[in-house]
Amino acid sequence: MTTAAQDSELLRRVVDGDHDAFNEIMRRHEDRVFSVCLRIMGDRDQALDATQETFLTTFRKAGQFKGDSALGTWIYRIAVNTCYDQLRKQKRRRADPIPDHVDPADFSAQDAVDAAGIRPEIQEALAAIPRDFRSAVVLADIEGMALPDVAEILGVPVGTIKSRVFRGRRLLAKELGNQTV
Amino acid sequence: MRDYELELIAALVEGRLDDETEARALIDSAPGFRAEYEAQMIAYSALSTVGTTSLTDSERSTMRRDLWTELRAPAPAVSTPWYYLWAPVAAGLLVVVGVVAVINQSGSSDDSATEAAEFISTSTTAAATDATEGGALAGADTPDTADGDDGASVTTEAADEGGGDSVTEDTAAELSSSDEAYYAAEADRIREEVAADVDQSDGEAPRSDPQACLDESGLDGYSVVGTYPAPLPDVEGEEIPEVASPYIAAMPEGADVEEAPIAFVDLLTCALILIDR
Chain A
46 MTTAAQDSEL LRRVVDGDHD AFNEIMRRHE DRVFSVCLRI MGDRDQALDA
96 TQETFLTTFR KAGQFKGDSA LGTWIYRIAV NTCYDQLRKQ KRRRADPIPD
146 HVDPADFSAQ DAVDAAGIRP EIQEALAAIP RDFRSAVVLA DIEGMALPDV
196 AEILGVPVGT IKSRVFRGRR LLAKELGNQT V
Chain B
27 MRDYELELIA ALVEGRLDDE TEARALIDSA PGFRAEYEAQ MIAYSALSTV
77 GTTSLTDSER STMRRDLWTE LRAPAPAVST PWYYLWAPVA AGLLVVVGVV
127 AVINQSGSSD DSATEAAEFI STSTTAAATD ATEGGALAGA DTPDTADGDD
177 GASVTTEAAD EGGGDSVTED TAAELSSSDE AYYAAEADRI REEVAADVDQ
227 SDGEAPRSDP QACLDESGLD GYSVVGTYPA PLPDVEGEEI PEVASPYIAA
277 MPEGADVEEA PIAFVDLLTC ALILIDR
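Protein chains in written order, with our numbering: chain A, 46 to 226; chain B, 27 to 303.
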């Protein structure tokens, strides 16, 4: 059975009330969902909240999955929209800054970098670019998803994704350049 | 810079080209292309250093525990205050009282009395219908989020496979779903670019005064964000709207850019196309 067929079967069992099937869906997708949320939200705790909310919505809406797309694509779309909802609720408040000084002997500072899993300057630059561009470069350039899949997740045409990735990189480069000034 | 040139630069940056000759020649042909290539490389290289990240075992177990706790919790009862259901009826009655008062003050002719009676009948019927629907909604499923704020309605849209997180309303003309999707995507792009101070001048307007066209469309309190040419077909077969006119994008003056409604007006006819909210 293909992965897509396995996912569909698992979701069918979830609709029938099989909690083990949902645990299996989570096992297959939670790390990547968390990674996407972390890059969009820029804060580990917020990303954990968004990840949990994503799977809550997935469970509650399992019966509405039409099978037109892969289950993973559907879940990642829920994840992105959940992140957008949370960003709106926060009124575009930025994540707490990671300490500038990272001393190898200063374990708490290194922990902060590890918590975000990304160099601070890159996370700051990502946080500074518009949300839709950020999502596009996160999904395409960090998560390595194919552009048609990114387009399906974000619900826009492939040409729009190409434009967003291109413009997102341009803005990101500008932000990274500003950080070195 | 044309789409083909951007595509070629992107392909070079991503290492997708078997033969880089044409792309290299393009970059060397003008400083602007080289600058664009270097910016793309800076960003792409930086992003490629971002490693994968996973949940820790503790985070994983905590998240699953909290998730199942919430899924197993009983749904909170929806309590609808009585005045919420009957407010429309009360409003209708106030209208009736007001109309009667006006008629008594001005003296009534047969025509005005007839109109008033029809208006009272319509208002009262509408108010009663609203009260009935309010009662029906109170008995509907509980929203997914318990806090009851705007996040609830937005979150329940999160699983909609049919579209993203913006809903188009105020459509002045019959638009196909691809047209609506195009304008919804354009509205999102404009919001993001205006917030990022990206210049919205994009081609010459066929009319010397887009604001006048906007005013002619009947949109009060909106100001022009930019004027845009009619969309061109994408080389990869992307759907384009059937509407082939250039258009104005406008938003309410003083609105919060990232959440503002974006109105699209046909630049040739000055007719409203739609408002994306």
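Quick caveat, the hints were computed from the structure, so don't treat them as lab data.
Any given hint could be a false lead.
[Said to hold, decoys possible] Computed spacing ranges between beta-carbons, pair by pair:
id: 1; chain 1: B; residue 1: Val-126; chain 2: A; residue 2: Gly-108; range: 46 to 54 angstroms
id: 2; chain 1: B; residue 1: Glu-285; chain 2: A; residue 2: Gly-189; range: 25 to 33 angstroms
id: 3; chain 1: A; residue 1: Arg-57; chain 2: B; residue 2: Gln-237; range: 22 to 30 angstroms
id: 4; chain 1: B; residue 1: Thr-47; chain 2: A; residue 2: Gly-222; range: 27 to 35 angstroms
id: 5; chain 1: B; residue 1: Ala-99; chain 2: A; residue 2: Asp-90; range: 29 to 37 angstroms
id: 6; chain 1: B; residue 1: Gly-124; chain 2: A; residue 2: Val-60; range: 24 to 32 angstroms
[As the list claims (entries may be wrong)] From chain B, some residues computed to sit far from chain A (all C-beta separations above 10 angstroms):
id: 7; residue: Asp-45
id: 8; residue: Ala-69
id: 9; residue: Ala-72
id: 10; residue: Val-76
id: 11; residue: Pro-100
id: 12; residue: Trp-112
id: 13; residue: Pro-114
[Unchecked claim] Covered stretches of chain B, going by a simulated chain A footprint (3 or more residues, C-beta under 8 angstroms):
id: 14; region: 30-38
id: 15; region: 59-68
We treat Cβ as the ideally placed atom computed from N, Cα and C, and that holds for glycine.
Do the hints match the structure? See the list:
{"no.": "1", "hint": "B:Val-126 - A:Gly-108: 46 to 54 angstroms", "in the structure": "holds (52 angstroms)"}
{"no.": "2", "hint": "B:Glu-285 - A:Gly-189: 25 to 33 angstroms", "in the structure": "holds (31 angstroms)"}
{"no.": "3", "hint": "A:Arg-57 - B:Gln-237: 22 to 30 angstroms", "in the structure": "violated (55 angstroms)"}
{"no.": "4", "hint": "B:Thr-47 - A:Gly-222: 27 to 35 angstroms", "in the structure": "holds (29 angstroms)"}
{"no.": "5", "hint": "B:Ala-99 - A:Asp-90: 29 to 37 angstroms", "in the structure": "violated (22 angstroms)"}
{"no.": "6", "hint": "B:Gly-124 - A:Val-60: 24 to 32 angstroms", "in the structure": "violated (53 angstroms)"}
{"no.": "7", "hint": "Asp-45", "in the structure": "holds (21 angstroms)"}
{"no.": "8", "hint": "Ala-69", "in the structure": "violated (4 angstroms)"}
{"no.": "9", "hint": "Ala-72", "in the structure": "violated (5 angstroms)"}
{"no.": "10", "hint": "Val-76", "in the structure": "violated (5 angstroms)"}
{"no.": "11", "hint": "Pro-100", "in the structure": "holds (14 angstroms)"}
{"no.": "12", "hint": "Trp-112", "in the structure": "holds (32 angstroms)"}
{"no.": "13", "hint": "Pro-114", "in the structure": "holds (29 angstroms)"}
{"no.": "14", "hint": "30-38", "in the structure": "holds (count 3)"}
{"no.": "15", "hint": "59-68", "in the structure": "holds (count 5)"}
In this structure, the earlier hints numbered 3, 5, 6, 8, 9 and 10 are contradicted, and the remaining ones agree with it.
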